[in-house]
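Here's the letter readout for the chains.
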Amino acid sequence: MKSPALLTTEDVTPRSHFALYWTFAHAWVLAKRRLTQIPRRPDELLLATLQPTMLVLLFRYVFGGAILVPGTSYANYLMAGVFVLASLLSSLATGIGLATDLQQGLIDRFRSLPMAHSAVLTGRTLADLVRDVFVVLVIWAVGLLVGFRPAGNPLAWLAATGFLLLTTFAFSWLAILLGLVLSSPEAVQGASLVIFYPLLFGSNAFVPTSTMPDWLRAFADHQPISVVMSAVRGLLLNQPDAAAIGQALAWCVGLLVIFIPLAALVYRRRTAR
Amino acid sequence: MAKTPAILAEGLYKAYGKTHALDGLDLVAEEGTVLGVLGPNGAGKTTAVRILTTLARPDRGRAEVAGLDVVKHARTVRERIGLSGQYAAVDELLTGYENLKMFGQLYRLPGAVAKRRAHDLLERFDLVEAAGRVVKTYSGGMRRRLDLAASLIISPPILFLDEPTTGLDPRGRFAMWEVIRDLAAQGTTVLLTTQYLEEADYLATLIVVIDQGRVIAQGTADELKTQIGGERLELTVALSSDLNVALQVVRPYSSGEIQIDRERRHLAVPVTNGAKLLAAIVRDLDGAQIALSDLALRRPTLDDVFFSLTGRAVSEAEPPEEARLQRSKR
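So the protein sequences, as listed, match chains L and D. Each residue of the first sequence is one higher than the one before, starting from 1 at the first, in this note's numbering. Each residue of the second sequence is one higher than the one before, starting from 1 at the first, in this note's numbering.
Wrong hints could be hidden among the right ones.
Pairs of lysine-lysine, DSSO-like flavour, derived with a Cα cap of 27 Å [to be verified]:
1. L:Lys32 x D:Lys276
2. D:Lys115 x D:Lys3
3. D:Lys136 x D:Lys115
4. L:Lys32 x D:Lys3
5. D:Lys72 x D:Lys115
For each label pair, taking beta carbons as the anchor points, the in silico distance ranges come out as [said to hold, decoys possible]:
6. L:Glu44 x D:Thr205: 55 to 61 Å
7. D:Lys18 x L:Gln51: 41 to 47 Å
8. L:Phe24 x D:Gly67: 54 to 60 Å
9. L:Arg268 x D:Thr4: 26 to 32 Å
Covered stretches of chain D (in silico footprint by chain L; criterion: 3 or more residues with CB under 8 Å from a CB of chain L, positions within the stretch not fixed) [said to hold, decoys possible]:
10. 149 to 161
11. 172 to 186
Please keep in mind that the hints were generated in silico from the structure rather than gathered at the bench. A virtual CB, placed ideally from N, CA and C, is assigned to each residue, including glycine.
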């Protein structure tokens, strides 16, 4: 450890700017950090795509033969469910990543810096959307390989994809909240079983809700995941369901309106202990 | 009027559940000095650092860093401090260079300045070759150096180092000491927590010893040593019949009361300047034809300081493992 001085004579005082400038600048810095990490964790990316792929194969070839859906092939019916499932898994990964940062003490360092602290959350959620695009594209490819044939307008398919990303983004804020509260990646994974699985399987993802008992059906028809799936399915199969689209949008916006401020609040509170 | 101290804590109190992490802690560090905070695990060192670096709020009491209240002016305080923790907090998936550049940008430096500073620090900390490797592949010592480098990006006037050498090998520890001395020589105020008396002795202008969230002693290293006794020559004779003769031989060299343990044929002789006396003592013992089974010069350790101040061993002061893990999560 020799030569250049530890302390520099160069001007290294933190610069001044409008707070909003730093909100965006630092969100970009931390989004870039996350985007640099993603290709260096091929295992994470593989898991995010492999899990939905396995489900496609399982339902398409093992259970699919025994499930009848009205009006379309099971491969066509199934894909909306798998897309949404993959979106939920992706959003969960966002919360797990944040919990990992907390556990490793990185968040403490961030908090000791004179930075825009919202960037810790926004940078991560936004960068993870890029990964989600990749995941969705992979699942599109898998779907086409197993006989998924979307119908109608490609613009509607694009809208369906956009819907999926919006859903991921909305749920990633719930996952961020879980990460902040539980602060261990394993705990976030565990909690997701309790929160995400009922939403996933108590839905129209894999079977039409008409076969369910009344109490379950009432839940399954109206919970956000089912509504998003109906909207996405309609867009993919040329049977757009305006009511479902409206409700799904409302759910996503509602989740964002509730969980963004809540996550921000918990981030400030949790880290001020 | 007296100058504003760089670091000031008055009556800090902080509880986590039923654990009183801090129980009325007072600290003062004048500008340009190194304050050594010495204490066993669980004494409240890390909690104190967390409050002073705006990471935690005190339940009661107040603290100022660079003359600014750490709760009311947290943001401005963050522009004046560097923090390097016990667990190296750098991004494992980024390279050393990417880490420093990112932290520079988050310190609100323009991109070009952040890059230049990253290069300079990598060079200064001997990490140029590893600059392009992800941190996951670094050794413990390299990570620690990178972590310290990250805390020096804005050349902060006040630096907090929470157990900077815990877990380092002797070479790494010495290198870290040199850096800290260098920083202090350039006028940086340093608050350093440590479990090693030797480290505090080597680096600190002033040492405070804390236990159960309170200061139990403070002073310069010399003052503390006088209070607790300095070096000791410890010897064990091979035959118990030699013990009395050995006692006669070493008595003239002793600077205080000699402790005698007949059962273990053991003498503990307080000495000053023991290294110089050692040869003479060995010669005299040899002349008296006394066979030794053990001879050592011991400097006081945290254990000795602690024992003489509290009458308890360090191990008794440490909370059970589980409580410590809980704490480290925070």
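Practice item. Count residues of the segment 149 to 161 of chain D with a Cβ under 8 Å from any Cβ of chain L, then say if the count reaches three. Key: Contact hint for the segment 149 to 161 of chain D vs chain L: holds, 5 residues under 8 Å.
Point to revise | Given hint Lys3 of chain D paired with Lys115 of chain D - CA-CA distance at most 27 Å | key: Cα-Cα ~36 Å, so violated.
Review point. Holds or violated: 41 to 47 Å for the Cβ distance of Lys18 of chain D and Gln51 of chain L?
Key: holds, 42 Å
Review point. Straight-line Cα separation of Lys32 of chain L and Lys3 of chain D no greater than 27 Å?
Key: violated, 43 Å
Check your understanding: Can the restraint linking Lys136 of chain D and Lys115 of chain D be considered satisfied, given a maximum Cα separation of 27 Å?
Key -> With Cα atoms ~21 Å apart, Lys136 of chain D and Lys115 of chain D stay inside 27 Å; holds.
Review point. Is it true that the CA of Lys32 of chain L sits at most 27 Å from the CA of Lys276 of chain D?
Key: violated, 59 Å
Point to revise | Residues of the segment 172 to 186 of chain D with Cβ under 8 Å from chain L, three needed, outcome | key: Satisfied; 6 residues make the cut.
Point to revise | Supplied distance hint 54 to 60 Å, evaluated on CB atoms of Phe24 of chain L and Gly67 of chain D | key: violated, 32 Å
Check your understanding: Going straight from one Cα to the other, do Lys72 of chain D and Lys115 of chain D come out at no more than 27 Å?
Key -> violated, 32 Å
Point to revise | Assessment of proposed distance window 26 to 32 Å (beta carbons of Arg268 of chain L, Thr4 of chain D) | key: holds, 29 Å
Review point. Do Glu44 of chain L and Thr205 of chain D keep their Cβ atoms within the hinted range of 55 to 61 Å?
Key: 48 Å Cβ-Cβ, so the 55 to 61 Å window is violated.
Comparing the model with each numbered hint stated earlier shows that hints 1, 2, 4, 5, 6, 8 do not hold.
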